[in-house]
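Counting from 1, one number per residue, gives the positions in the sequence shown under full-length UniProt numbering.
Hint data in this document are derived by calculation from the structure and do not stem from the laboratory. One or more of the hints may lead you astray.
[Stated by the list, open to error] Pair ranges (Cβ atoms, derived): (1) G75 with L43: 41 to 51 Å; (2) E130 with C81: 38 to 48 Å; (3) L110 with A89: 16 to 26 Å; (4) L63 with I28: 44 to 54 Å; (5) V54 with F33: 27 to 37 Å.
Ideal Cβ positions, reconstructed from N, Cα and C, are used throughout, including at glycine.
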Amino acid sequence: MEGWTPILYWTNDALGNLFNWIFFIPLIIVGSFFMLNLFLGVLSGEFAKEKERVESRVGFMQLKEQQKLEKELNGYVEWICRAEDLVLAEDRTTEADKILIMQVRAKASLKINKKSDFVRVQKTHKFIKENEQTSFKKGET
1 MEGWTPILYW
11 TNDALGNLFN
21 WIFFIPLIIV
31 GSFFMLNLFL
41 GVLSGEFAKE
51 KERVESRVGF
61 MQLKEQQKLE
71 KELNGYVEWI
81 CRAEDLVLAE
91 DRTTEADKIL
101 IMQVRAKASL
111 KINKKSDFVR
121 VQKTHKFIKE
131 NEQTSFKKGE
141 T
């Protein structure tokens, strides 16, 4: 919008200054608003893109944190299961304790409802059946 004043003066010299303002004043006002709108539109678009980038990064970080927690939880669950297996394998563990551990494992597996836990539940049921059979055999002899 620079350089319009010399053109106004040349037009005044050529045609007179009676009706030149009808063209130049609206031109400057409309042109200024157009440029301001253009600038604000670009600025608004850039802020929207940055907001979207930040939101996607926050979502990614939350997902990464969730995966980290799940990995740690699975590690703890595996550690507890190994400890339970050791307790079950000990000779001094009573049958009631073994059955209790197996029942708790089955309930936990149903809550988590994962494939690996399903396999563990099958092993648990097999172990309970074997122990019931051996406890009956011990009672018979």
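Can you name, in rising order, the numbers of the hints this structure does not satisfy? 2
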